[in-house]
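Colleague: Given next are the chains, with one letter for each unit.
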Amino acid sequence: MIAASHLTRRFGARAVVDDISLDVAPGEIVALLGPNGAGKTTTLRMIAGLIRPDAGTVAIAGVEMTAVAGSQLRGRVGFLTEAPGLWDRLTVRENLEIYAGLYGVAHPRPVVDRLLDRLELAAHAAVRSAELSKGMKQKVALARALVHDPPILLLDEPTAGLDPEITKSVRDLLEERRAAGCALLVSTHNLDEAERLSDRVAVIRQRLLAFDRPDILRRRLSGGRIRIRVAGDASRYLHAARTFDRGASADGSHLALQLADPETLVPAVVRALVAAGADIIETQLERPALEDVYLHFVNAGVPQQPS
Amino acid sequence: MSRRVRALLRKELIEISRHKTGLLPIVLVGVYCLLLAFVLTVVVPRVTGERLSEDADFVKVSLAAGAYPGLSADARVQTYFFQQFLLVFLIIPISVAMTAAAHAVVGEKEARTLEPLLATPLTTAELLVAKVLGALLPAAIVTAPGLLLYLGSIAVFAEPGVFATMITWRSAAAIGLLGPGLSLIALQLTVLFSSRVQDEDTARQLAILGLLPFGGLVAAQFTGRFWISTTGLALCGAALLVVWLLLLALSVAVFDRDRILTRWR
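Protein sequence lines, in the order shown, are assigned to chains Z and F. So the number in the working numbering is just where the residue sits in the first sequence, counting from 1, plus 9. So the number in the working numbering is just where the residue sits in the second sequence, counting from 1, plus 30.
For reference, chain Z alone in the conformation it holds in the complex (with noise of 0.2 Å):
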């Protein structure tokens, strides 16, 4: 559904997006995520066709984005801006109503009527925009990108700053959509939120760090790495455990091994451990966290290849 490729722009020499590709497929989340002025917000705007890259392209639907085309795809795309950007003389109803008349939506009325109310925003509808707080700022402007039912959503940091019930019913509000096939494009600081909401994630620090499911970018950074708890002092069996890791350690009654794959050699390590008369307590995956995964990633900075 959308497909960037190789997207770069610079402001002035110095590159903000550097070759950087991605795709999202309908039904799917992607978080994007990165540092401050890691070129998240740029890379949303040069797919939502508001800013041009200096090389590489953007297709909607297999559309590419070029001046011709802009606006009919900026019509299929919904777009949650950093700030809420909402015209505060106006009242909440009226902001989503013009903007469904620029959405060209034949019956703004019910579709607003809808929207309020899926959003808990009803008993706001008559509120000027000036008057909300952040977070209902924020609930409106993603009414706002929703107006349209817009196969795509670009949302940067639709969570940001607000409480864990509007955060919640946000969340909500985007698995919803995932499940009525829209293709999401998150950018988000918040590691849980990508960590709970998103299928993929991509780790952008300029240029295109890792992007991948989240499972497997922590595999990528944990190398398989399991610890193995043994009844008695583990060094009795760590001959066993070095015919599959030679770097095998014991400490106490804890064995620690580093696996190429751990999904199928664990058996076997688990079944020579206990011919070996190992009485085995416990076995547990080292799974880091996806901040450790992140961090990892933008503090190395080397790019990575899907798998």
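Among the clues, some could well be false.
Unchecked claim - A partial selection of chain Z residues facing chain F, derived with a Cβ cut-off under 7 Å:
#, residue
1, 61
2, 107
3, 112
4, 116
As the list claims (entries may be wrong) - Residues from chain Z that keep clear of chain F, each with C-beta distances beyond 12 Å, as calculated:
#, residue
5, 172
6, 187
7, 300
Note that these hints are calculated values from the structure, not bench results. For glycine and all other residues, C-beta sits at the position ideal for the given N, C-alpha and C.
Please build the complex by placing chain F on the supplied structure of chain Z, with the hints as guidance.
Modeller: Only chain F this time, still in chain Z's reference frame:
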């Protein structure tokens, strides 16, 4: 008019209707123009006891407006001034509407409302037309009753016969073509500059610079050196509408979404 232009125009009109201090200067300037014409031609002669026709210069410049054999000398001078102030009355409120037009792009950027707007399918031409009409319509809405009041007051307070000289094809050309043409150019210039500079004041000042030749033309007519005929006014109005379309095309060509979003602070 496309649905998208109508939608954005609705927003512009709601905004200005809720920004009373934005409308007030248009009303005040309109009232000022109205009063000025009547103070000069009706109140001052009555208060001082000096007839307009006693001033040789007035009589001389009023000849430019035409002979009007059926009118008294005072009525001829009044006709001249009321015709002149009709043009001023049509143009001056627009200079105030330029404030709204100056806000068009740079104001949206400052309020951080421009990016979501540019993310819609709205084309650049649609955006700029809606912005110009959004500034023009409130001024026109305020000016229209003012114009009726102006003509009504002439019927009541001016010398006999003067009102009839105002209901002419020349007035129709001024109201129907020249006024709208000049207004569209003024507002389009302001919107154009609003998309190229980073603050509203600069946009407005640059647009006023662009309008100086037209202001000079009106001022020159006040001196009685020349008089634009009905045909002249109609042709000027039509030419101004063509110039507006060219300015619109230029505004679209130089509107750089990328630069506005990435380089403006």
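Colleague: So, for every hint listed, does it hold in this structure?
Modeller: Hint check results:
Interface restraint check: residue 61 of chain Z against chain F, minimum CB-CB distance 5 Å, threshold 7 Å, status holds. Hint status for residue 107 of chain Z: holds, given a least beta-carbon distance of 5 Å to chain F, under 7 Å. Given the 7 Å rule on beta carbons, the hint for residue 112 of chain Z holds: about 6 Å separates it from the nearest Cβ of chain F. For residue 116 of chain Z, the suggested interface contact is broken, since its CB lies about 11 Å from the closest CB of chain F, more than 7 Å.
At roughly 22 Å, the least C-beta separation between residue 172 of chain Z and chain F is larger than 12 Å, which holds for a residue marked as non-interface. No beta-carbon of chain F is positioned within 12 Å of the beta-carbon of residue 187 of chain Z; the least distance is around 21 Å. With a cut of 12 Å on Cβ distances, residue 300 of chain Z stays outside the contact zone with chain F, its closest approach being about 30 Å.
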